[in-house]
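J.: Next come the chains, spelled out residue by residue.
Protein chains: 2
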Amino acid sequence: MASSKSTSKGKGFQSPRGTRDFFPTEMAIRRHLEGCWREASIQFGFQEIDGPTYEHLDLYTVKSGPGIISELFSFKRSGGETDYALRPEFTPTLARMAVARGNALPVPTKWFSMPCLFRAERPQRGRLREHFQWNVDILGLSNADTDAELISVAIAGLQQLGLEPSMVQVKYSHRDVVAKLLTRLGVTDEHLPAAFDLLDKRDKMPADVFTEKASDLGLDSTAVERFDELAHARTEPGAHPSTLNGLDADDLEQLVAIHEALVHHGIADWCHVDLGIVRGLAYYTGTVFEIHETSGAERAIAGGGRYDHLIELFGGPATPACGFGMGDVVLSLVMEDRGLLDADSLLPRPDAFVVCADDAAAEHVVPTLTRLRRYGLHARRSYKSTRNMGKLLKEAGQHRSRCAIILGREFQDGVVVVKDLDTGEQHDVSLPELESTVIKLLETS
Amino acid sequence: MASSKSTSKGKGFQSPRGTRDFFPTEMAIRRHLEGCWREASIQFGFQEIDGPTYEHLDLYTVKSGPGIISELFSFKRSGGETDYALRPEFTPTLARMAVARGNALPVPTKWFSMPCLFRAERPQRGRLREHFQWNVDILGLSNADTDAELISVAIAGLQQLGLEPSMVQVKYSHRDVVAKLLTRLGVTDEHLPAAFDLLDKRDKMPADVFTEKASDLGLDSTAVERFDELAHARTEPGAHPSTLNGLDADDLEQLVAIHEALVHHGIADWCHVDLGIVRGLAYYTGTVFEIHETSGAERAIAGGGRYDHLIELFGGPATPACGFGMGDVVLSLVMEDRGLLDADSLLPRPDAFVVCADDAAAEHVVPTLTRLRRYGLHARRSYKSTRNMGKLLKEAGQHRSRCAIILGREFQDGVVVVKDLDTGEQHDVSLPELESTVIKLLETS
Numbered sequence: 001m002a003s004s005k006s007t008s009k010g011k012g013f014q015s016p017r018g019t020r021d022f023f024p025t026e027m028a029i030r031r032h033l034e035g036c037w038r039e040a041s042i043q044f045g046f047q048e049i050d051g052p053t054y055e056h057l058d059l060y061t062v063k064s065g066p067g068i069i070s071e072l073f074s075f076k077r078s079g080g081e082t083d084y085a086l087r088p089e090f091t092p093t094l095a096r097m098a099v100a101r102g103n104a105l106p107v108p109t110k111w112f113s114m115p116c117l118f119r120a121e122r123p124q125r126g127r128l129r130e131h132f133q134w135n136v137d138i139l140g141l142s143n144a145d146t147d148a149e150l151i152s153v154a155i156a157g158l159q160q161l162g163l164e165p166s167m168v169q170v171k172y173s174h175r176d177v178v179a180k181l182l183t184r185l186g187v188t189d190e191h192l193p194a195a196f197d198l199l200d201k202r203d204k205m206p207a208d209v210f211t212e213k214a215s216d217l218g219l220d221s222t223a224v225e226r227f228d229e230l231a232h233a234r235t236e237p238g239a240h241p242s243t244l245n246g247l248d249a250d251d252l253e254q255l256v257a258i259h260e261a262l263v264h265h266g267i268a269d270w271c272h273v274d275l276g277i278v279r280g281l282a283y284y285t286g287t288v289f290e291i292h293e294t295s296g297a298e299r300a301i302a303g304g305g306r307y308d309h310l311i312e313l314f315g316g317p318a319t320p321a322c323g324f325g326m327g328d329v330v331l332s333l334v335m336e337d338r339g340l341l342d343a344d345s346l347l348p349r350p351d352a353f354v355v356c357a358d359d360a361a362a363e364h365v366v367p368t369l370t371r372l373r374r375y376g377l378h379a380r381r382s383y384k385s386t387r388n389m390g391k392l393l394k395e396a397g398q399h400r401s402r403c404a405i406i407l408g409r410e411f412q413d414g415v416v417v418v419k420d421l422d423t424g425e426q427h428d429v430s431l432p433e434l435e436s437t438v439i440k441l442l443e444t445s
Numbered sequence: 001m002a003s004s005k006s007t008s009k010g011k012g013f014q015s016p017r018g019t020r021d022f023f024p025t026e027m028a029i030r031r032h033l034e035g036c037w038r039e040a041s042i043q044f045g046f047q048e049i050d051g052p053t054y055e056h057l058d059l060y061t062v063k064s065g066p067g068i069i070s071e072l073f074s075f076k077r078s079g080g081e082t083d084y085a086l087r088p089e090f091t092p093t094l095a096r097m098a099v100a101r102g103n104a105l106p107v108p109t110k111w112f113s114m115p116c117l118f119r120a121e122r123p124q125r126g127r128l129r130e131h132f133q134w135n136v137d138i139l140g141l142s143n144a145d146t147d148a149e150l151i152s153v154a155i156a157g158l159q160q161l162g163l164e165p166s167m168v169q170v171k172y173s174h175r176d177v178v179a180k181l182l183t184r185l186g187v188t189d190e191h192l193p194a195a196f197d198l199l200d201k202r203d204k205m206p207a208d209v210f211t212e213k214a215s216d217l218g219l220d221s222t223a224v225e226r227f228d229e230l231a232h233a234r235t236e237p238g239a240h241p242s243t244l245n246g247l248d249a250d251d252l253e254q255l256v257a258i259h260e261a262l263v264h265h266g267i268a269d270w271c272h273v274d275l276g277i278v279r280g281l282a283y284y285t286g287t288v289f290e291i292h293e294t295s296g297a298e299r300a301i302a303g304g305g306r307y308d309h310l311i312e313l314f315g316g317p318a319t320p321a322c323g324f325g326m327g328d329v330v331l332s333l334v335m336e337d338r339g340l341l342d343a344d345s346l347l348p349r350p351d352a353f354v355v356c357a358d359d360a361a362a363e364h365v366v367p368t369l370t371r372l373r374r375y376g377l378h379a380r381r382s383y384k385s386t387r388n389m390g391k392l393l394k395e396a397g398q399h400r401s402r403c404a405i406i407l408g409r410e411f412q413d414g415v416v417v418v419k420d421l422d423t424g425e426q427h428d429v430s431l432p433e434l435e436s437t438v439i440k441l442l443e444t445s
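Note that the protein sequences, when read in sequence, are chains G and B. So the first sequence is residues 1 to 445, counted in the working numbering. So the second sequence is residues 1 to 445, counted in the working numbering.
You may find that some hints are simply not true.
Remember, identical chains collapse to one label, so a pair may be satisfied in a single copy or spanning two.
[As the list claims (entries may be wrong)] Below, simulated DMTMM-like cross-link-like pairs (lysine to aspartate or glutamate); rule was C-alpha separation at most 20 Å, straight line: (1) K76 x D58; (2) K204 x E225; (3) K384 x D145; (4) K63 x E312; (5) K63 x D308; (6) K384 x D359; (7) K180 x E190; (8) K440 x E425; (9) K419 x E395; (10) K419 x E435.
In case anyone wonders, no lab produced these hints; they're calculated from the structure.
Sequences and hints are given; from them, build the entire structure.
T.: Written out as structure tokens, the structure is:
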């Protein structure tokens, strides 16, 4: 009897396109990612912050120009005049908050956050309309060591998630080095932004289009060829920048500084130079990096770098800064590709599952649960009315409980049965010793 | 030189009205609340879920009618036709997700979530435009014991946060009991919704307005007086519903069942009957409850009850259900009122703070941090160039670090100084024993 009207109404009962429902297993994966991000951030001395889910629309146009508006979900309050937008990135909020602190902002300020972010784009693999992003920023310090510290915390997060240098690599470059190399090829200052743009898009266009666009920059055919080489210049993991083919060591000063800092931080094997890494043009000022799966199958896992003009742009004092963002969507795909996401093992596992094998003991199920929970234990029960022990223990197993607490006839003598569901062993336990028995059992697993 | 134009532009650099910036201390408080909510949920066997931050607009009008629209932040994608709204509550998302699971939905389904929610209203004390809410729901069970289990998990969360029955109380009522009592007063079935509405608003109107409205329901002056008594009828904490003055025990059957279940769950002293509790009219079907601070100073901390028609409303099979929502804003105010929010103690405390007392050892600061962090330790450093030990130890203290690791002249002999900043004791430690020494020190605190 479904009319076209009810079909159209039925549309309201699906999640919006490009968003996700997190059922318990999906949520367990998200919490696992967030937990590892958080753990790494705190080990490195970063403090967590957050801001509103939406901001004034002009907070985004300040940094990105009015062109950003069509990529945002923007809205007004009914009858209101203020334009708001769902946050597409966290950096403008961070800058606003840093500026609000004024002179009270410590040097350095080390902040991380894990906001939900929104893009009003066509959803694609690895790009959804709502996602979660780990943001890490260091404000107030300006040297290669700081850039390496920032990259270190990103790697620590990936390492906590089980990733290794053979699976993921940090590709880094430096704006000043690339500008110098482009200048040597004959690119004028005026053409530098266009040259960076071409470098960024190199792999998204046919060779002849690239050649044409490079010629438009005033480059002769030899220079075009060297530009192409430069766009693909990369080192082996952990290798010194001087191993880049055909480049003058004197031109690579800032890359060498980053490399040495990465060695100093013990993470050189997770990283290699890639001169094709550009990132946002108007924004980054020095070091830039992206983290990619080594197979090249997925989009970038993370991107970041140095943006020393950010705080000024939002009305604060000149403040050196660097940071990165790592989204949950691509990262989950990479982990899935690598077999690193076992959702079941990420779901909280019950310590005890209480079952009742005797009608007379039924009224003691709830008080038994209450006792266990008062000791901080994760305790569940069967809600079924069956007294069939086989079925009840099967249910305890489906919940992956560490043990079963069986309330049977012996309950009238103040005794319950504690069954270790990993080993199959079971023991009669007097009621006052129930909690300590379960806690001891958990310690042995 | 600030023109009116720049002032208006400057507005973009403030957080939107009714939203919050979470600097590290505010964020630590939020995470503390979420941590206790989560801990209680998991101990009681609930599984975490989440949905999109925005939904199709009609998901909200289905439950609340078109009147809800002006209270929502709604929007379209630029050039798109679909209407979306920022979620004002989580229940419609939960219902949509439960319906999507169909027959795969376990009985019972016990879900919790901690979403950000949005209201396009004028912000007031305790009511902001964006807040976080703990949602807990049990689907598939319909008895007083289930209602008591739901209330138990709410109390467990509050207890984890340090609250006690003297500070907060669950006020509960039951729709059927109140309907029966109103009917006995002479309210006809037709007038019942209006009578519930009047009960709900009783304390928001002058006595004469109440009398007039009660008379409009067809009640004589004696009945109006008894209606007023009923609106204020409540028991002492933990007391049996039969202690309600002037009411027939036979009429209180469902309240007695709840009371007995609360006793069974060991939480009766946290709860009392309050027949003035009504909750949403079209929505709740049985037990209703609110959690309030006992001083009456703040708004309700939480509200919930039984809504057995919810899943059907969203297109699913008939499914009994109950749930509650507890917002972070009022809860934080209550905890602040009670002196239970010590933000400093909630911030993650560093295990070790590395300082350098000798230029020759400076290059070893980073490798020392790396070693400590590889053991899962929270390690920070001084970024200052001073070698003044007093200043450096003062900084370690400001970071509230558990110990300081001092790299001095003795570093050339492979020795560092570990200073316990709680006791003031310090020891020379050979480098290979650094991690184990710090871990031992942490265990003794």
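J.: Provide an ascending list of the numbers of those earlier hints which the structure does not satisfy.
T.: Hint check: nothing fails, all pass.
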